[in-house]
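For the record, in the sequence shown the residue sitting at position 88 is 423 according to the numbering used here, with numbers rising by one throughout.
No lab work stands behind these hints: they were computed from the structure.
Incorrect hints may have been included.
Claimed, not checked - Label-pair restraints from in silico Cβ distances:
hint: 1; residue 1: D387; residue 2: G821; range: 26 to 34 Å
hint: 2; residue 1: S490; residue 2: D701; range: 49 to 57 Å
hint: 3; residue 1: E760; residue 2: G505; range: 30 to 38 Å
hint: 4; residue 1: V748; residue 2: R583; range: 50 to 58 Å
hint: 5; residue 1: P730; residue 2: C515; range: 33 to 41 Å
hint: 6; residue 1: E494; residue 2: E539; range: 21 to 29 Å
hint: 7; residue 1: Q724; residue 2: E461; range: 35 to 43 Å
hint: 8; residue 1: N458; residue 2: Q724; range: 27 to 35 Å
hint: 9; residue 1: E670; residue 2: E461; range: 44 to 52 Å
hint: 10; residue 1: G427; residue 2: A379; range: 23 to 31 Å
hint: 11; residue 1: E494; residue 2: G427; range: 51 to 59 Å
hint: 12; residue 1: G427; residue 2: E487; range: 20 to 28 Å
C-beta: ideal position from N, C-alpha, C; glycine also.
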Amino acid sequence: MPATRGIRRVTTAAVACTALALSGTVVASAAPPPDRPAPPAGNALAAQLTRDVTLAGVNRHLAAFQRIADGNGGNRAAATPGYAASVDYIAGKLRDAGYQVSTPSFEYEEEIVETAEFAVAGNDVEMTPMAYSPSTPEGGATGPLVVVPEDEDGSTGCEATDYDGQDFTGAIALIRRGACAFSVKQGAAAEAGAVAAVISNNVEGPLRGTLGGPDAGVVPTVGITQADGNTLAQQGGDEAMLNLQIRREQRTTRNVIAQTRTGRTDNVVMAGAHLDSVPDGPGINDNGSGSAALLETALQLGGQPRATNTVRFAWWGAEELGLLGADDYVSNLSEQQRSDIAMYLNFDMIASPNAAYFVYDGDDSDGVGAGPGPEGSAQIEQAFVDYLQDRENVPVEGTDFTGRSDYGPFIAVDIPAGGLFTGAEGIKTPEQADKWGGQAGEPYDPCYHTPCDTLDNVDRVALERNSDAIAWVTGKYATTTRQVNGE
Numbered sequence: 336m337p338a339t340r341g342i343r344r345v346t347t348a349a350v351a352c353t354a355l356a357l358s359g360t361v362v363a364s365a366a367p368p369p370d371r372p373a374p375p376a377g378n379a380l381a382a383q384l385t386r387d388v389t390l391a392g393v394n395r396h397l398a399a400f401q402r403i404a405d406g407n408g409g410n411r412a413a414a415t416p417g418y419a420a421s422v423d424y425i426a427g428k429l430r431d432a433g434y435q436v437s438t439p440s441f442e443y444e445e446e447i448v449e450t451a452e453f454a455v456a457g458n459d460v461e462m463t464p465m466a467y468s469p470s471t472p473e474g475g476a477t478g479p480l481v482v483v484p485e486d487e488d489g490s491t492g493c494e495a496t497d498y499d500g501q502d503f504t505g506a507i508a509l510i511r512r513g514a515c516a517f518s519v520k521q522g523a524a525a526e527a528g529a530v531a532a533v534i535s536n537n538v539e540g541p542l543r544g545t546l547g548g549p550d551a552g553v554v555p556t557v558g559i560t561q562a563d564g565n566t567l568a569q570q571g572g573d574e575a576m577l578n579l580q581i582r583r584e585q586r587t588t589r590n591v592i593a594q595t596r597t598g599r600t601d602n603v604v605m606a607g608a609h610l611d612s613v614p615d616g617p618g619i620n621d622n623g624s625g626s627a628a629l630l631e632t633a634l635q636l637g638g639q640p641r642a643t644n645t646v647r648f649a650w651w652g653a654e655e656l657g658l659l660g661a662d663d664y665v666s667n668l669s670e671q672q673r674s675d676i677a678m679y680l681n682f683d684m685i686a687s688p689n690a691a692y693f694v695y696d697g698d699d700s701d702g703v704g705a706g707p708g709p710e711g712s713a714q715i716e717q718a719f720v721d722y723l724q725d726r727e728n729v730p731v732e733g734t735d736f737t738g739r740s741d742y743g744p745f746i747a748v749d750i751p752a753g754g755l756f757t758g759a760e761g762i763k764t765p766e767q768a769d770k771w772g773g774q775a776g777e778p779y780d781p782c783y784h785t786p787c788d789t790l791d792n793v794d795r796v797a798l799e800r801n802s803d804a805i806a807w808v809t810g811k812y813a814t815t816t817r818q819v820n821g822e
């Protein structure tokens, strides 16, 4: 799951390079699930697939990803030898299992941040450049730090009137996060005369974000922590200096697409997981966990299952740089090819060591964030909820379609979506710890996007439960999608 970083970042949407070829040891934080009841009648394929997908099988793939990273500079990031080896591993397994397999490539432009410095009154402040931020002039931009007053409704810096009453000409504006896009805040600051924008978080932790596109960045823009923002808010008028030097390079990487040879090709059940890690680590939870569970599900299903519907599996490249592989895939589908996809199931981080059990909120019953998914998403959500709560005896919570994973391009073209997530940098609440175990007040994944995301960073129980849920729901919809689309 991506969080924009300050060293390697993408700055443009992916550009299609090839046509679509197809229309270890881990630790646990909770007790193992109880004995499962007999499967309901009519779900024979789902039940068999769930029995066949085992934790041992999934673990073998995680161990392979760890070995690949260990042999290739410690990571499996897009457009690196470690990623290429991961693609070859998955594609080889799938070909042996009888699938139609392709590895379509695509190009993208990546940001390389060569200099990133920010200081106020001579004291360095840690920050992260926003994706699509322009560079400062050589040597940096200097000016007084001017603090945008905080609004009671949390919409600080969103309106031109927020900048009234102070002189922002030649200044570096300090703005609190909230209510509107980062691009809106930096654009308003630029209109007021600021030469740079510093956006402080409104929750604990660093702020990594994006201005939204290559033409969105008006002035250099960075994010800082809430704590640093609180400190700097008392230093209005002090001299500030921001130096960002960013260059852009073309890269090429690949997706893996594998399709069964049986079933209806006009009612495709599609399931995906991103394969790339960040450059800082091997990415075993993020997202070796989703990739491994998906691979084992595909291998146990086989390339010629006795199923009503075609099943298409995808392992996406460059997700950590902005969902680029999934975006490239969807953008190159014809209208007919899009309509042939009954649904998209997404699995990104399913074994966080301080695990939550989140299911994407297809019906927006939580009333948080982006609203409901396309029609049919509510039924997909319910299928995962029913499996985890009824068969695994695990309570679940909804999670918003925030756009941070590969379902984004699918729901943007009205394809129903759903999936599983065990949490990233978010903090587990006491209530969640009571029902799921683990540590309240700590991140779901303390090794998120770091070198310690290794085989030791995986909750074995969560991995098994979620792998079984993936198998069950995939098998269920391979048999019938009637509840989702009437087919």
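How the hints compare with the structure:
For D387 and G821, the Cβ-Cβ distance of about 29 Å falls inside the hinted range of 26 to 34 Å, so the restraint holds. Between S490 and D701 the Cβ separation comes to about 22 Å, which falls outside the hinted range of 49 to 57 Å. Checked against the given bound of 30 to 38 Å, the beta carbons of E760 and G505, roughly 35 Å apart, stay inside it. Here the CB-CB span from V748 to R583 is close to 28 Å, at odds with the stated 50 to 58 Å.
Here the CB-CB span from P730 to C515 is close to 34 Å, well matched to the stated 33 to 41 Å. Between E494 and E539 the beta carbon distance is about 26 Å. The supplied range of 21 to 29 Å therefore holds. Checking the proposed 35 to 43 Å range against Q724 and E461 shows it holds: the Cβ atoms sit about 42 Å from each other. Judged by the Cβ atoms, the range 27 to 35 Å given for N458 and Q724 is violated: they are separated by roughly 51 Å.
Checked against the hint of 44 to 52 Å, the pair E670 and E461 passes, with Cβ atoms roughly 47 Å apart. Between G427 and A379 the beta carbons are some 30 Å apart, a value that agrees with the proposed interval 23 to 31 Å. Range check, E494 to G427: Cβ separation about 55 Å, and the 51 to 59 Å hint holds. Between G427 and E487 the beta carbon distance is about 58 Å. The supplied range of 20 to 28 Å is therefore violated.
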